[in-house]
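Chemist: Next come the chains, spelled out residue by residue.
There are 2 protein chains.
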Amino acid sequence: MHVLVTGAAGMIGVKLVARLLAEGALGRRAITRLTLHDVVEPAAPAGASVPVETIAADIGDPATAARLIAARPDVVFHLAAIVSGEAEADFEKGYRINLDGTRALLEEIRLAGEGYRPRVVFASSVAVFGAPLPEPVPEDQALTPLTSYGTQKAIGELLLADYTRRGFLDGIGIRLPTICVRPGKPNKAASGFFSGIIREPLAGIEAVLPVSEDVRHWFASPRAAVGFLVHAAVLDGEAVGPRRTLDMPGVAATVGEQIEALRRVAGDAAVARIRREPDPTIARIIAGWPRAFAPERALALGFRAETSFEEIVRAHVEDELGGRLPT
Amino acid sequence: MHVLVTGAAGMIGVKLVARLLAEGALGRRAITRLTLHDVVEPAAPAGASVPVETIAADIGDPATAARLIAARPDVVFHLAAIVSGEAEADFEKGYRINLDGTRALLEEIRLAGEGYRPRVVFASSVAVFGAPLPEPVPEDQALTPLTSYGTQKAIGELLLADYTRRGFLDGIGIRLPTICVRPGKPNKAASGFFSGIIREPLAGIEAVLPVSEDVRHWFASPRAAVGFLVHAAVLDGEAVGPRRTLDMPGVAATVGEQIEALRRVAGDAAVARIRREPDPTIARIIAGWPRAFAPERALALGFRAETSFEEIVRAHVEDELGGRLPT
Chain Z
1 MHVLVTGAAG
11 MIGVKLVARL
21 LAEGALGRRA
31 ITRLTLHDVV
41 EPAAPAGASV
51 PVETIAADIG
61 DPATAARLIA
71 ARPDVVFHLA
81 AIVSGEAEAD
91 FEKGYRINLD
101 GTRALLEEIR
111 LAGEGYRPRV
121 VFASSVAVFG
131 APLPEPVPED
141 QALTPLTSYG
151 TQKAIGELLL
161 ADYTRRGFLD
171 GIGIRLPTIC
181 VRPGKPNKAA
191 SGFFSGIIRE
201 PLAGIEAVLP
211 VSEDVRHWFA
221 SPRAAVGFLV
231 HAAVLDGEAV
241 GPRRTLDMPG
251 VAATVGEQIE
261 ALRRVAGDAA
271 VARIRREPDP
281 TIARIIAGWP
291 RAFAPERALA
301 LGFRAETSFE
311 EIVRAHVEDE
321 LGGRLPT
Chain C
1 MHVLVTGAAG
11 MIGVKLVARL
21 LAEGALGRRA
31 ITRLTLHDVV
41 EPAAPAGASV
51 PVETIAADIG
61 DPATAARLIA
71 ARPDVVFHLA
81 AIVSGEAEAD
91 FEKGYRINLD
101 GTRALLEEIR
111 LAGEGYRPRV
121 VFASSVAVFG
131 APLPEPVPED
141 QALTPLTSYG
151 TQKAIGELLL
161 ADYTRRGFLD
171 GIGIRLPTIC
181 VRPGKPNKAA
191 SGFFSGIIRE
201 PLAGIEAVLP
211 VSEDVRHWFA
221 SPRAAVGFLV
231 HAAVLDGEAV
241 GPRRTLDMPG
251 VAATVGEQIE
261 ALRRVAGDAA
271 VARIRREPDP
281 TIARIIAGWP
291 RAFAPERALA
301 LGFRAETSFE
311 EIVRAHVEDE
321 LGGRLPT
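From first to last, the protein sequence lines are chains Z and C. Take the first sequence: its position 134, counted from the start at 1, is 134 in UniProt numbering, and no numbers get skipped. Take the second sequence: its position 212, counted from the start at 1, is 212 in UniProt numbering, and no numbers get skipped.
No lab work stands behind these hints: they were computed from the structure. Among these hints, one or two may not hold up.
One copy or two, either will do: identical chains are not told apart, so a pair holds if it fits within one copy or between any two.
[Said to hold, decoys possible] Derived lysine to any residue pairs resembling SDA-like cross-links, with alpha carbons at most 20 Å apart:
#, residue 1, residue 2
1, K93, R110
2, K93, R103
3, K93, R166
Work the whole structure out from these sequences, hints included.
Modeler: Spelled out as structure tokens, the structure:
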């Protein structure tokens, strides 16, 4: 089968491609061809055993979708997106990439016709929800985004459901929890510290904590996120029914619980590298975010995440640090 | 103030314009100018005391929004839409009018700039909800449309909220119940019989009832719908908060209750004009629709509908039949 990944140069995209190549199959079907798209040329994976084509193109350019769908991939992982902060800073760019780009992809699939009906896995986000929210957020909670990014993802979910209902494609949307621990450098995202307070101490570096320890949030590891995507690609669409987007499982943890998990994995010395520096702006942004979910549908459909924040920390140590802890 | 009505030639549009001209004001502000848009030339109301411009243009044509917004109307009633059945039959036309047309209007307002921030009243629909649904449907129920029309209205709601949050306009969406009794000829809409079984007997004509008497649905009169629109134009946006679209109040009534209301207003002879002719297709479509709401927010904000189906029948007799009952 032919698999297309948009946004393949992003953190999750790279890990997804590595897993697809390592397994060589999606479910029982062998992967025979990979197309990797991003706005920058995705790195062609070394030693891939199947043909890999890389395409650098702006998904907001109407010609891009036609180019991506021309070869009629069997599975499309649609990860390409402008992130939350940028979509808020640049209104037009956010709508052009996150809404028009997604719609162009769905339209190109519809117009391909001749029985073409690929599985489309759409990476949505818990940013489709905004306060006030019940805790945990139940299935069938109204989408009440408080950002343009969340609005664009919510619209993508609605389009995915309608195109699926009309029989143009077979879509599954997954609302990803905050991915933690994100590898790489610290960034300026409001959510950055959730990863930073684990990643930096494990690398022997000081981290800043801008909120109080009772702040609670909803997490899954990069490894779990890749697992969600792969599972969404192979699961039986009939079992999902008309509501095509699912809250993904995750771990609800307070910052205090994050820190205690870090202590259990790496000791007091690691925890001592966390410096408190309250930031009311970040605290206010995060107060609007969902804190926990009751993802009963996804669990019943076989989606699995970590079950404790300590598991999330250990996944990071294994996957990013080669199992080595700071000394 | 300058008021723009899109879809002004439609049943609700005509009644809204008549009320605006009769009252001469929206809240405390005098109406000094009216612009009436539709895809066919709206009839210019006779004897209007303020300048009335009529514009016949396709709202799906990108040039139309620019033409409508150029004069910077203070209030925009956005009623123009392809109806449910047509949006389902013609996928591209539905998206072009109901999604692209709405977005073009919002974009034109955003791009006008220079502090322009009109009140935009968006006519949404209970079609944004699809079964299975709790009864009554609570506030904050997830939008789960089962038609392309419902999907397009749900997307319009999301855009309205984001454009409002960003300060580009001041939007209020209202989810209209099924409007009953619709005046005019019988039509082929699946919901047509809800009006037909009242309207036809009151006109001395036979009506067909395709479903059983225990079917329950959510209604408001055309008069109430116009009242919702006017109230949405004048209410305090701050009081609405970030969730800009509201379930409108209405009357939950079974078909049996409709018929009993008809009997109380017009007697057994009218009821005898209803002929039962079960139609499983219509029954199946209607089974997916919401049956009752708990519109607490709208009621708290001062929206008012009829409180019994008998009131709805009497509104029809007063507004459409000059108070005359069949003899």
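Chemist: Now tell me if each hint is right for this structure.
Modeler: Hints, one by one, checked against the model:
1. Taking the shortest alpha-carbon separations for K93 and R110, only the inter-copy value of 15 Å comes in at or below 20 Å, while the best intra-copy value is 24 Å.
2. Taking the closest pair of Cα atoms, K93 and R103 come within 20 Å of each other both inside a single copy (14 Å) and across two copies (15 Å).
3. For the identical chains of this complex, K93 and R166 are inter-copy neighbours only, at 15 Å across copies versus 29 Å inside a copy, given an alpha-carbon limit of 20 Å.
In summary, this structure violates none of the numbered hints.
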